[in-house]
Amino acid sequence: VTFTSLQFVAFTTIIFGIYYIPALKDFQVQLLVLASLFFYGSGQPSLLPLLVFAVLGTYFFLTLALQNRAVWTPVGIAFNLGLLAFFKYKFLFFDAASPEMSDVAAIDFLMRLPLPIGISFFVFHNISLLVDLTKRPLQKRPSVASVFLYIIFFPQLVSGPITRAENFLPQIQPKFLSDVPFVEATKWIISGYFFKLFVANNLNQMTTYMDYPLYETVRSADRWLLVVLYSYQIYADFFGYSSIAIGLALLFGYRLPINFNLPYISRSFAEFWTRWHISLSTWLRTYLYIPLGGNRVGRARTYCNLMIVMGLGGLWHGAAFSYLAWGLLHGLFLVAERPILSGLDGLSKNRMMGPIFNALRMLLVFACVSLAWVFFKLPNIDHALSFFEGMFADIQTANPARIYRSLALIYAMPVILQHLMPRDWLEKSRLGLEPYLYAAMTALMFVEAGADTSFIYFQF
Amino acid sequence: MVKADSAVWFVKYGVTCALLFTCCWATPRVFKDIPQFPPTTTDEQQAVVFERYFQLPAQDIVLVGSSLAFRLKEQFFEHGGVRNTALPGGSPLTALAIIEASPALRPRVIAVESNILTRGIDDKLFQKFKDATRRDDTLRPLRSLAAYYQSVQDDALTYDAARRRSILERPAATYDIELGMANALVEWNRPIYGEEIWKGASTLKSLVEKLEAQGVKIFFFDMPYPPKMNDSGYAATTREILGQVFGPGNDRWLKLDYPASELRWFDAAHLDDRSAIIFSSALDDAIRKRMTAN
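Just so you know, the sequences run in chain order V and R.
Residue numbers for the first sequence follow my numbering, so the first one is 1 and each next one is one higher.
Residue numbers for the second sequence follow my numbering, so the first one is 1001 and each next one is one higher.
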């Protein structure tokens, strides 16, 4: 059951219908927990016990940590990081296809379990729970159902946004249909499906040519174009998912954090990370960068902290050297710009040259960020480097792949317009264009949807 | 509940949606020649092959095969009357199975490219087309706009008689395919294909017998490889297994007469346009000779 399937639409409609029945208002949390378990179980039934184990384990350590934070919070965090490390990185050391791994059947069974969908996200929720709720003494222990709902709430279970416990748990209260912001929820949901089905899925048909060995037939200029298109695709895909999650959560009375804020207009890499996957960067800053000392420990340690956080952020995406390379590359970007950032910002304020200078800064940041995405698209580092090589030296082939500029422009246009249109223009427009625009988006996402592909962030 | 201003928003949204969907549904029913964008992926190319087969006028001769025969464009057959259902990334088995499952549309002759038998019947494609699909009747406005622009841009890419002649008048091209061929040879000399080829050849035999029982003439032909590829384990094993499965006295093979020294491949296996025109001409002659002889 994925967000783009008819089964999911039916599932959500049924749950929404039951959720607001007055007679069941005391069981809203339990209903959402059951629905979320069903949602997860329908995708990976064999890993449902693991999800339950992770939640109950975290709840157990939370109970102990509320009595002795110094001891049990680190143990609870280690428990969660252990789960993440085991499932995410075990295939670096073991081959799941080998007929026998050990003499013990139970160990073999564990070793062969696939990567649980969403583990990177629910483990981060668990850690947030352990840290946030034990920060202040005499915190009241939340109920098991509340903890389950916070961790496995189905709109955010698979790919976030990563919600902090202190922001979500206070929202667990009785919900009423009259409080649902229907227009706002609808706008989020339509935007999400439009960016996924119309933009990301159509662009995916073109960026497939970045895969090995197809890219070997792609000429240099087209490789540059594909890098830009993939940059738009990954944004549209993840922005789409996050928007659907936010809209669905609103229907059930919960407000999830905004995950994207026009990242491709960033003028610096530091700004980019306040606009891209905001919930992850906030999490890393709160639970990793600041505990490491942040920028209060001298210049050298600050740079070191940035590299550690971005490197681990890269590895969080997957057990491949290219994810680490991607993270470290972003770390380098942040370190390199840090000493000159205030100077650059000063130049940006110049009345005459400021706008041009800002545009150049945006272009530079966009180009660097887009080039770094190649490591995401081609997790095999040799393939990524070979792709880069072909961007600077044209290939000789009698039958090169053809990338249609006209289609590229059409499917990239929503991302470009979204980033460049004056902000809030639609909402403020006196013509009241908004419902018509959302209607056009709805029509396009049905009649011009690209071939179905799973969300890119599902693999993380 | 939905408040008054929200209700207005939803009414405007709903009415506009209804109008747009109606337009997209009605337009193709009113205007018949809406441009279609050329396929951009293998999946799309494969789907287009069968949409053309079922929607365009039926032809006497149908080609089935892989990406090798896909290079033989219908316009290369001077006498016309040919529908090419060769599938890039596919095999002749899928096309034969779909044709066999659609008795309403029967060609007189099917010419089977017999080079690639390791790819079985593509079940997804077979399920989609086994009962002759109907036309996708919804307008895709932006894609059609792009298709119109592309058709103006690509006008020079049609293969009319004059263009075919001009291509044939050029000298045979040279391509640097040694490295690609060396890599392909490593793959094609691995001794792992026998079982799959046996399976493919057996399926082919069963489909051929079913179609012949319904009065369809079936001919076989081999797409030419570069000499080194022709001697590869894969090519030799395929020929050998086909000989064994269909037995001696199999008169389905076409006798093709073409100047082999004029053929060129732009990679390890696929003919360039000039060579494909030369080969298509020979194939056209051979098929027609057999049709008149029967």
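Check before you lean on any hint, since a few could be wrong.
To be verified - DEER-style ranges, computed between Cβ atoms:
id: 1; chain 1: R; residue 1: 1231; chain 2: V; residue 2: 364; range: 50 to 56 Å
id: 2; chain 1: R; residue 1: 1030; chain 2: V; residue 2: 353; range: 52 to 58 Å
id: 3; chain 1: V; residue 1: 43; chain 2: R; residue 2: 1033; range: 41 to 47 Å
id: 4; chain 1: R; residue 1: 1173; chain 2: V; residue 2: 388; range: 54 to 60 Å
id: 5; chain 1: V; residue 1: 356; chain 2: R; residue 2: 1057; range: 58 to 64 Å
id: 6; chain 1: R; residue 1: 1154; chain 2: V; residue 2: 14; range: 46 to 52 Å
id: 7; chain 1: V; residue 1: 43; chain 2: R; residue 2: 1189; range: 40 to 46 Å
id: 8; chain 1: V; residue 1: 413; chain 2: R; residue 2: 1152; range: 18 to 24 Å
What the hints assert, rightly or not - Under the rule of at most 20 Å between Cα atoms (straight-line distance), these lysine to any residue pairs were calculated in the SDA-like manner:
id: 9; chain 1: R; residue 1: 1228; chain 2: R; residue 2: 1270
id: 10; chain 1: V; residue 1: 175; chain 2: R; residue 2: 1003
id: 11; chain 1: R; residue 1: 1128; chain 2: V; residue 2: 451
id: 12; chain 1: R; residue 1: 1003; chain 2: V; residue 2: 186
id: 13; chain 1: R; residue 1: 1128; chain 2: V; residue 2: 254
id: 14; chain 1: R; residue 1: 1003; chain 2: V; residue 2: 177
id: 15; chain 1: R; residue 1: 1128; chain 2: V; residue 2: 186
id: 16; chain 1: R; residue 1: 1124; chain 2: V; residue 2: 451
id: 17; chain 1: R; residue 1: 1003; chain 2: V; residue 2: 180
id: 18; chain 1: R; residue 1: 1073; chain 2: V; residue 2: 400
id: 19; chain 1: R; residue 1: 1003; chain 2: V; residue 2: 176
id: 20; chain 1: R; residue 1: 1124; chain 2: V; residue 2: 5
id: 21; chain 1: R; residue 1: 1012; chain 2: V; residue 2: 184
id: 22; chain 1: R; residue 1: 1012; chain 2: V; residue 2: 190
id: 23; chain 1: R; residue 1: 1012; chain 2: V; residue 2: 5
id: 24; chain 1: R; residue 1: 1003; chain 2: V; residue 2: 185
id: 25; chain 1: R; residue 1: 1032; chain 2: R; residue 2: 1057
id: 26; chain 1: R; residue 1: 1124; chain 2: V; residue 2: 184
id: 27; chain 1: R; residue 1: 1012; chain 2: V; residue 2: 446
id: 28; chain 1: R; residue 1: 1012; chain 2: V; residue 2: 441
id: 29; chain 1: R; residue 1: 1228; chain 2: R; residue 2: 1175
id: 30; chain 1: R; residue 1: 1012; chain 2: V; residue 2: 434
id: 31; chain 1: R; residue 1: 1124; chain 2: V; residue 2: 400
id: 32; chain 1: R; residue 1: 1124; chain 2: V; residue 2: 186
id: 33; chain 1: R; residue 1: 1130; chain 2: R; residue 2: 1147
id: 34; chain 1: R; residue 1: 1012; chain 2: V; residue 2: 432
id: 35; chain 1: R; residue 1: 1003; chain 2: V; residue 2: 284
Stated by the list, open to error - Examples of chain V residues lying across from chain R (beta carbon under 7 Å, computed):
id: 36; residue: 442
id: 37; residue: 443
id: 38; residue: 447
Hints in this document: simulated from the structure, not taken from any laboratory.
Predicted model only: the values in this text are computed from it and were never measured.
No residue lacks a Cβ here, since even glycine has one placed at the ideal position from N, Cα and C.
Tested hints:
{"no.": "1", "hint": "R:1231 x V:364: 50 to 56 Å", "in the structure": "holds, 54 Å"}
{"no.": "2", "hint": "R:1030 x V:353: 52 to 58 Å", "in the structure": "holds, 54 Å"}
{"no.": "3", "hint": "V:43 x R:1033: 41 to 47 Å", "in the structure": "holds, 44 Å"}
{"no.": "4", "hint": "R:1173 x V:388: 54 to 60 Å", "in the structure": "violated, 30 Å"}
{"no.": "5", "hint": "V:356 x R:1057: 58 to 64 Å", "in the structure": "holds, 59 Å"}
{"no.": "6", "hint": "R:1154 x V:14: 46 to 52 Å", "in the structure": "holds, 49 Å"}
{"no.": "7", "hint": "V:43 x R:1189: 40 to 46 Å", "in the structure": "holds, 42 Å"}
{"no.": "8", "hint": "V:413 x R:1152: 18 to 24 Å", "in the structure": "holds, 20 Å"}
{"no.": "9", "hint": "R:1228 x R:1270", "in the structure": "holds, 14 Å"}
{"no.": "10", "hint": "V:175 x R:1003", "in the structure": "holds, 17 Å"}
{"no.": "11", "hint": "R:1128 x V:451", "in the structure": "holds, 15 Å"}
{"no.": "12", "hint": "R:1003 x V:186", "in the structure": "holds, 14 Å"}
{"no.": "13", "hint": "R:1128 x V:254", "in the structure": "violated, 42 Å"}
{"no.": "14", "hint": "R:1003 x V:177", "in the structure": "holds, 11 Å"}
{"no.": "15", "hint": "R:1128 x V:186", "in the structure": "violated, 34 Å"}
{"no.": "16", "hint": "R:1124 x V:451", "in the structure": "holds, 14 Å"}
{"no.": "17", "hint": "R:1003 x V:180", "in the structure": "holds, 10 Å"}
{"no.": "18", "hint": "R:1073 x V:400", "in the structure": "holds, 18 Å"}
{"no.": "19", "hint": "R:1003 x V:176", "in the structure": "holds, 14 Å"}
{"no.": "20", "hint": "R:1124 x V:5", "in the structure": "holds, 18 Å"}
{"no.": "21", "hint": "R:1012 x V:184", "in the structure": "holds, 15 Å"}
{"no.": "22", "hint": "R:1012 x V:190", "in the structure": "holds, 15 Å"}
{"no.": "23", "hint": "R:1012 x V:5", "in the structure": "violated, 26 Å"}
{"no.": "24", "hint": "R:1003 x V:185", "in the structure": "holds, 14 Å"}
{"no.": "25", "hint": "R:1032 x R:1057", "in the structure": "holds, 15 Å"}
{"no.": "26", "hint": "R:1124 x V:184", "in the structure": "violated, 39 Å"}
{"no.": "27", "hint": "R:1012 x V:446", "in the structure": "holds, 19 Å"}
{"no.": "28", "hint": "R:1012 x V:441", "in the structure": "holds, 14 Å"}
{"no.": "29", "hint": "R:1228 x R:1175", "in the structure": "holds, 15 Å"}
{"no.": "30", "hint": "R:1012 x V:434", "in the structure": "holds, 9 Å"}
{"no.": "31", "hint": "R:1124 x V:400", "in the structure": "violated, 28 Å"}
{"no.": "32", "hint": "R:1124 x V:186", "in the structure": "violated, 34 Å"}
{"no.": "33", "hint": "R:1130 x R:1147", "in the structure": "violated, 28 Å"}
{"no.": "34", "hint": "R:1012 x V:432", "in the structure": "holds, 10 Å"}
{"no.": "35", "hint": "R:1003 x V:284", "in the structure": "violated, 40 Å"}
{"no.": "36", "hint": "442", "in the structure": "holds, 5 Å"}
{"no.": "37", "hint": "443", "in the structure": "holds, 4 Å"}
{"no.": "38", "hint": "447", "in the structure": "holds, 5 Å"}
Hints 4, 13, 15, 23, 26, 31, 32, 33 and 35 from the earlier list are contradicted by this structure; the remaining hints agree with it.
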